[in-house]
Amino acid sequence: MVSPVLLIAVPLGLAFAMPLIALISRRLPRFVPLVACAFNLIVAIRLIPTVLSAPVIQRIGGFSPPFCINLFAGPVGVMFAGLIALAGLVIAIYALSYIRTGPTVRYHMLYMLLLVGATGVVLTGDVFNLFVFFEVLCISSYALVAYFGDRNGLEAAAKYLIQGAVGSALLLMGIGLLYGLFGTLNMADIASRIGSVSDISVFVPLALIVSGLGVEAAIFPLNAWLPDAHSSAPSSISAILSGIAIEVGLYAVVRMIFTVFGATSIFMFLLFLGVLTVLMGELCAFAQTNIKRMLAYSSIGQIGLIVFAFAMASTISLAGGLFQLLTHTLSKALLFLAAGYMIHRSGSMEISSLNGMGRRMPLTSLAFSFGAFSIVGLPPFIGFPSKFLIVRSALEKQQTLFTLLLGFVLLGTLVEGAYFFRVVQAIYFKKSGDEPASRSLAPALPLISMLILAVLIIFVGIYPQPVADALSTAASDLLDRAAYIGSVLR
Amino acid sequence: MMVELLLIVAFGGSLLTYVLGKLSSRLRNGFALLNALALVIMIGMLYGQEFERSLPFGFLGIQFSIRMNMLSWFFAATILGIGLLAVLYSFRYMKGKERLDYYYFTLLFINASMLGTVVAGDLLSFFIFWEMMSWSTYLLISLRGGGKAIFAGIKYIIMSLVGSLAMLVAIVSLYTAFGTVDIGELAVHMQSASLGLALLVVILFSITFVIINALWPFHTWLPDAHAEAVSPFSAILSAVLVRKGLYGLFLLMYVILGFSFLDRLAVGAISFSNVLAWIGAITIVFAAFRALLQNDSKRILAWSTVGQGGYMVLGVSVATSMGMAGGTFHILNHCIYIALLFFVAGAIEHRTGGIRDLDSLGGLIKKMPVAFVGGLVGIFGLIGLPLTNGFVSKWLIYKSLILEGRPFLAFAAFLGTWGTILYGYKFIHNIFLGQLPDELRDVKRVPFTMAVPIMVLVVLVFLFGVLPGIPLSVVNQVGTYMGFEPLDLNVWGIPSESGTLNVVNLLAAIAVAGFLVWLLFKTLGRSTRVDQSDNYAAGAAIPRGRYGFTREFYAPLYRIVSPYVKDFPDALFLWIADRTKALGGMTRKIYSGYVGSYVMYIVLFLAALVFVQLTWSPW
Amino acid sequence: MRIVWLFLSPLIALVAGVLLLGLSRKIMARIHWRYGPPLLQPVIDIIRLFSQRSASHGILFDLGIVVSLAGSLIITLFLPFGNIAPLSGSGGMLVILYMMLIGPLGIALSGGESGNPNASIGISRNLMLAIGYEVPLLMVLLAVMTRYGTISIVEIVRVQQASTWSIASWPLVVSGLAYLLVMPAMLGFRPFEVVQAPQEISSGPMVEYGGSYLALVSIQHALSLYITISLFVNLMLGGSGNIVIFLFKMLVVFVLFLFVNAVFPRFRIEQAVRYLWRWPTLIGLIGLVLVALVGR
Amino acid sequence: MDRNQLIKWLEAPAKMGHKYSLHAVYFCTGCGIIEVPPSITARWDAERFGVLPTASPRQANLFLITGYVSVKTLKAIIRTYEQMPEPKYTVGFGSCPINGGMYWDSYNTIKHLDKYIPIDGWIAGCMPRPEAIFVAVTHLWTLIDKDMADGYKRYRKYYSQYRANQEKVLLGLEWPPLFPIEAG
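Chains as they are written, first to last, in the numbering used here: chain A, 1 to 490; chain B, 1001 to 1619; chain C, 2001 to 2296; chain D, 3001 to 3184.
Excised from the complex, chain A in its bound form:
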């Protein structure tokens, strides 16, 4: 029986040990994230069967909840941890050869910290810990966005920093209010007592926390930092940001609303917000000529879709949302990684500069088109089952409103298809300009990482059954407040 603490402790320790490792050899630190992520992945996979039966509550400091800080490793948390580890591993492999210039040691260290923060957020059972891990995540990502130190990067990082700081401040206020109200920071404890106070006094922290976390979760009006940050960060970081960071923020929002506040009535609001986010993101992406900005905006659209799914708050819709989350992590990471090397090759981020890439970098282009098709939700890629589940859940509501909103979401999907297919055409069928179509593959390691993602996309797309089953238990776990409270406060 491995302990979930390892998921956090080991990478954290490795992260801080990084400078020492660097003293041994300059080339060694590059491999540390690999080791850590591989370790996490194994642990998470080992954990999954046990947590599917019953969540593992890890008390720290010997006291029993609510008087101690506890980790709650439920199915959702562990799956998230596993996903983070997986994405982290793949992207670390990519980064081995992608990150050559600049302060590489610091890069890998911050990268580790980012992953640690993300893992912590999804595993913690304590509101203040949540905040702490969140800060770890955010701060490391600020630094990573500015990694290249060029003007765009610094500007984007500064914007990101400011908005993130505002968000964190709001979050902190909300948490403070909660502590003031209940005198405890344990999620389960708060959840159990939430009914005992007046609605309005619950509302204020709820509003503060939702908007605070919403900044990181990139819900519509709060996501202005995202396009700049994602487009000017190194591609590996863009991948991890839109593949992991946003999802973690979203997880936090959902955990808060579902479990801590149990505020079912906010869902309608979130529903509209989600649809709005979808349309906004897709429309902006449709108008982009810069590939990375386009991908960033499309992430906004995807987040909107996931919010839409979560806000419908049924088992299937939650499963669909989680599935879509998985889809987005894998596909968007793949897209960013592929785009990274294509940009590296053509030296420009303009879509027009990708013309004829299909001849020059066949495998990378293939990976990109897989990612695109999967995001648009075409069978037999992973995007299809998740979209299918979401549509199904929306229609099972049997209400005109939901059907209507679904229509809008699908409209967004249509726009998404339009711009993704445009790019795929540019890659394959437009004649490249002056440059001779000399065929040169990306280096082996990035190709391996892309290959892993592509294989996962296809495989899960063809045989989604086990994933769907696991996710539905996760969804029910996310829905079931009483079980959560009971399992923690035994």
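Hints should not be assumed to be uniformly reliable.
As the list claims (entries may be wrong) - Subject to a maximum C-alpha distance of 30 Å in a straight line, what follows is the list of computed BS3-like cross-link-like pairs (lysine-lysine):
id : chain 1 : residue 1 : chain 2 : residue 2
1  : B       : 1522      : A       : 431
2  : B       : 1522      : D       : 3157
3  : D       : 3115      : B       : 1522
4  : B       : 1522      : D       : 3168
5  : B       : 1148      : A       : 431
6  : D       : 3146      : B       : 1522
7  : D       : 3157      : C       : 2026
The hints are simulated quantities; they were obtained by calculation from the structure and are not laboratory data.
Assemble the complex: chain A is given as a structure, and chains B, C and D must be docked to it using the hints.
This is chains B, C and D only, laid out in the frame that chain A set:
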């Protein structure tokens, strides 16, 4: 087990073709041909079998199943037959072009997924195959590269995406309503369905199928796509792929819903089949006059494809067994002669160095006799002259329309035919007749592997025209499967009470009269063959180079009709796309790049939450 | 007996057509205050043409003519002629409509093969004129077929014999009017004589025809005169029980339109199509709507 | 028609056909054409003789060269004559085709048209009246009866000389010879 094997061979074959292409091109071509041939043989062995079987695996708890019956067999046979010919034709046509492995792979893959759509026994797998068909088609349309091909591709994929999203919603709502997507079970459940659900499902499905079948006003993707794709693939597109829409309509109208239900959907005169019929009529006339205005060999054929789709829909929507037989038979006939015509256009393109503009061709009958025969027979079939297959199916459609008392629909159909004569003759004249321009003096004749498919199709056009009983017996079985009473047939035609069709009399009469006149002509007339330069030009020697009347062949008619046959739907869709882009440009302004406003958004969001709470206090 | 008629009726049609041709020349001459050629002048011309050696432009140049003449000959088997209609059992009106295409198409193909721009211009005019008059004509035919609820022309004739001529019966009179208006265009008479306008495009499709070609074309022309008129007589004037009356009706109709031919100048093709798509189409549409309303 | 007519018809239909259906090329070479319209319209009505203007030489068998022939026109005349199907008859109308007439000393007028194409009959006079055309036609009938209207045969036979003359005056023709030219 046969059908599973069929699918495995189809999909595996396409992949294997790609792999072999990396080794050697000869191997690839040989294997592709072999694969297509094997598929044809297998489908031949499946003739007449009827079964439905659920597969061992499923998708998200939905059991996949496959079904084989006359309807599926009919469509599968057309798909595989044309596929075989197209592969054979491609060898020379695609020779020397780049990305051949990709081409053959995608071609076979599209065929395989089309096959999947027709043998799918449940709507989910139908949908999955359908989607695979859509995106692979999109990947092949723009193969040529160049702005127009790119535009055609994006136009196609967006419209088909609209269709497939509509279909997804329809299928899922069926699933949520009845908990199954198996076609057989749905047919049972549908009878007890609520009208609202049925209406939703019917409308959504019809959008999908009308788009893919390119009926007005959703025809706009077709002309670009067919004109810009490489010719063998254009043949596949307009011969079989477009007709998947009709397969879907059959499935929807006669397998899932059934007559009784369709009648329940009717509101007075506005019934589903009536609306469909009128859409078909508009399509026929509109497409005929659009085709008149075209000046590109493949674009003319593309528009004719649109129009012929209207005929089939007319036949299908007049729910008599005769109309049904006409529509179904017309699918087969159209798939034969349109493929033939696209092959011919491709051969011309191949030999003249990619000339598709009808103004710069002419006189090629002397250089490419095979292509000329193909083109002439194809056009005759398209017009539907007696002794060609098109005649029989059109005869059935007209007759059922007249006897059903639908004179206006019949009028649209006739008018479309006369339009067909005009552009068909223009096609023949501007390419093959008239004086041979100097720059085409050394055009070579059609290569063998391209001539074989053309000749096969020519023979089929006449065979099915002279012995319509053979294909009509198959068509009859399709009709009976869908619950129509069969027509009484003999091998020469239809001996029915109100006006019979008897092709053998026609054949005999034409043969005898032709022979007699030929005899008269040969015995009495004496003629010497002269060169094309020995031609009446008011006493002058004719100018060298280009001497002929091809430009603006129907100019006065253009002047009359062109104001009325503008392609309004196309303009509308382009406008919508344009507006969407502009809207995106405007929404982008929200992200102004000024961090102060960003922070303001956050505060505003908070404020909005508070406002909502204080006003309605939902929490 | 049927076999005999199979070979006899085309011959009768041929003779009748050629006589009509000669008659037209005579009557036109008389309208011009000329003496005019002998009645058999077309026969003399045909003999002369057959005895001339002519220039051929290729196989299609020959085949087109043969096919068009053969097609025109066959239609006479489908049209009831008096009470004789040897092949009318196989296909009915629809077959006749389609067979009527074969004549013009054959000429069009062979003329196109001749490689003379005048021929091409003539053919394009011919096809445009065809779609011009087919629009009202189809409305008329559909009105008749819907009215009598059959596509068999023999049936149509029988019903008229039983009751009254269609042109004299209530809703069909409107369609009959439209039919009268398009008849000159179908016969290629003035003001619609745009196809072979000798002064503009030197007799259009026939510009390269000499000798036996021209002979066959003029025979085909005679036949098409016969076919057009006898279709009108069968559909509108109730056909006839015996041959003589039938021929008499045809003669009357022919002379009527000959007078129109004699006194009118020539339209431009554009004017012709505009005219045909304005009045005859309007009237034909009204007729069709009336029939659709009144029903059988 | 009387009896021997009938007999003639029966024994030589082709010849009679040529006699009684003379279709003329409606081709304006010179001022003489002014006499043709009255001859074919109501005043004299050539059609009762079976004489009819045609639009294209392919359909004709009678060639009326009406009026003087310039070098430029000669080319068109030769071309038209060669395109007429055999048997074909040529009639020079007016004195100019015969010997240049009033343009006898013009540098640019063809005298002696029959050096370039065979002529079956002449109509002298400047201008001849329309009746003269009918005189010519009836004369042509007798010639046809006696097989003396054999211009086209002569053209075949002496084609090389004709061609030589044509090329001499026209400085080369841009179309190939109609018949094979034997050397010498």
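Cross-check of the supplied hints:
| no. | hint | verdict |
| --- | --- | --- |
| 1 | 1522/B <-> 431/A | violated (59 Å) |
| 2 | 1522/B <-> 3157/D | holds (27 Å) |
| 3 | 3115/D <-> 1522/B | violated (36 Å) |
| 4 | 1522/B <-> 3168/D | violated (40 Å) |
| 5 | 1148/B <-> 431/A | holds (13 Å) |
| 6 | 3146/D <-> 1522/B | holds (29 Å) |
| 7 | 3157/D <-> 2026/C | violated (41 Å) |
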